[in-house]
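Novice: Read off the chains here:
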Amino acid sequence: MTPQNSGEQDVEVSCPFCGSTDVEKDHAFGPEISKSQYYCNDCETPFERIKWGEPDRPDTGR
Amino acid sequence: MSDDWSPEAVDFVQSLADTKLMLSHWYADQAFLGPNMGDNIALFSMTQDEYGQVRQFYLQLDRQGRDEDWLRSERDTGNFYNAATTDGPAADWTEFEVKFGLTDRAALLLLDAIDHEDFTGLTDKMAEEEYSHTDFHDGWLEQLAAANPAAFQAALEDSLDDVLAFIGPAAYDEDTDPLYASGFTDRSVAELRDAFLDYLAGIVEGTDVDVPDTTEVPLESWNEERRRVAAGSIEPDVLETIRGSKNTEFAAE
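First to last, the protein sequences are chains A and B. Residue numbering for the first sequence is 1 to 62, as defined by the UniProt record's numbering. Residue numbering for the second sequence is 1 to 253, as defined by the UniProt record's numbering.
What the hints contain is simulated information worked out from the structure, not anything from laboratory work. Where hints are given, some of them may not hold.
The list that follows gives simulated cross-link-like pairs (lysine to aspartate or glutamate, DMTMM-like), each with its CA atoms no further than 25 Å apart [unchecked claim]:
#, chain 1, residue 1, chain 2, residue 2
1, B, K125, B, E8
2, B, K125, A, D22
3, A, K51, A, D22
4, A, K25, B, E8
Covered stretches of chain B (in silico footprint by chain A; criterion: 3 or more residues with CB under 8 Å from a CB of chain A, positions within the stretch not fixed) [unchecked claim]:
#, segment
5, 38-46
6, 104-115
7, 119-133
8, 228-238
Calculated from the model, a selection of chain A residues having no Cβ within reach of chain B, i.e. all distances over 10 Å [as the list claims (entries may be wrong)]:
#, residue
9, V13
10, C15
11, F17
12, F29
Only a predicted model underlies this, so the values are computations on that prediction, with no experimental measurement involved. Quick reminder that beta carbons are idealized off the backbone N, C-alpha and C, glycines included.
Take the sequences, apply the hints, and build the full model.
Specialist: See the structure below:
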């Protein structure tokens with residue numbers, strides 16, 4: 001069982017090395033909680049993605 | 001830097017800081033024991049976030065006359081104003097997520113409600129850090145509620161009243177909440193409790209978990225300083241750990 005990651009569900013991620021979008025998310029949390037970990041199926045390279053573009057503050061029901 | 005905090009505001013910020021201190025402690029305590037390595041990494045990150053926030057709060061409290069040395073290393077367990085949910089460890093991962101994930105969410109609501117010039121910018125930065133915490137906890141809470149509803153329900157029934165007591169008594173509405181009335185916060189406790197319960201309903205929606213009927217916190221039995229009804233406190237061995245007493249013994253002059 002792994003946690004869901006609501007912040008990234010609709011984000012298209014491409015490989016920073018070869019540009020391929022044939023990538024898989026290994027885990028929602030990489031070396032830091034603010035990063036997620038991916039693997040590129042084309043160039044077979046792991047990479048990390050900063051969770052960029054998510055809202056600045058969590059929804060507090062205001 | 002202003003010096004116009006009310007005594008209630010100083011207690012409120014200490015309670016927020018002490019709760020974050022204990023969340024940091026329990027996140028670190030669990031950080032080698034998460035369900036998988038990614039979760040352990042997340043727990044270490046959250047440990048650092050919370051502890052960093054605690055340091056900022058203690059600086060603010062020191063400027064309001066609540067001595068930082070006393071806060072860090074000189075007080076007894078009864079002078080910690082942490083949420084009752086953070087007095088002790090969790091028995092398993094479901095209980096961990098329910099009692100600490102929900103306490104983290106409640107702390108975010110209290111933080112987000114602060115509307116005072118001394119916190120301009122500071123609460124923005126802290127809330128940005130908390131985005132990752134909510135991302136982590138919400139994912140796990142939704143998943144555990146769906147996968148282990150009975151265990152989730154039991155943990156929720158154990159923790160919910162204490163989490164709500166940390167937010168405060170429902171009787172504190174816009175007319176009666178002293179922090180709202182003084183302008184230190186811009187949402188009353190009653191509104192924050194509603195926001196928390198709405199959030200919780202969203203977490204368990206579509207699962208077999210029901211949000212338990214909550215016990216209204218009676219004003220006369222609510223401890224304003226420690227933001228709880230329950231007795232109890234952290235254990236002496238935990239106090240020694242968070243003070244770093246043994247590190248101090250070996251510190252170089």
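Novice: Determine for every hint whether it applies to the structure shown.
Specialist: Hint check results:
| no. | hint | in the structure |
| --- | --- | --- |
| 1 | B:K125 x B:E8 | 24 Å, holds |
| 2 | B:K125 x A:D22 | 34 Å, violated |
| 3 | A:K51 x A:D22 | 19 Å, holds |
| 4 | A:K25 x B:E8 | 47 Å, violated |
| 5 | 38-46 | holds (count 6) |
| 6 | 104-115 | holds (count 3) |
| 7 | 119-133 | holds (count 7) |
| 8 | 228-238 | violated (count 0) |
| 9 | V13 | 16 Å, holds |
| 10 | C15 | 20 Å, holds |
| 11 | F17 | 22 Å, holds |
| 12 | F29 | 4 Å, violated |
When the structure is compared with the earlier hints, violations turn up for hints 2, 4, 8 and 12 and for no others.
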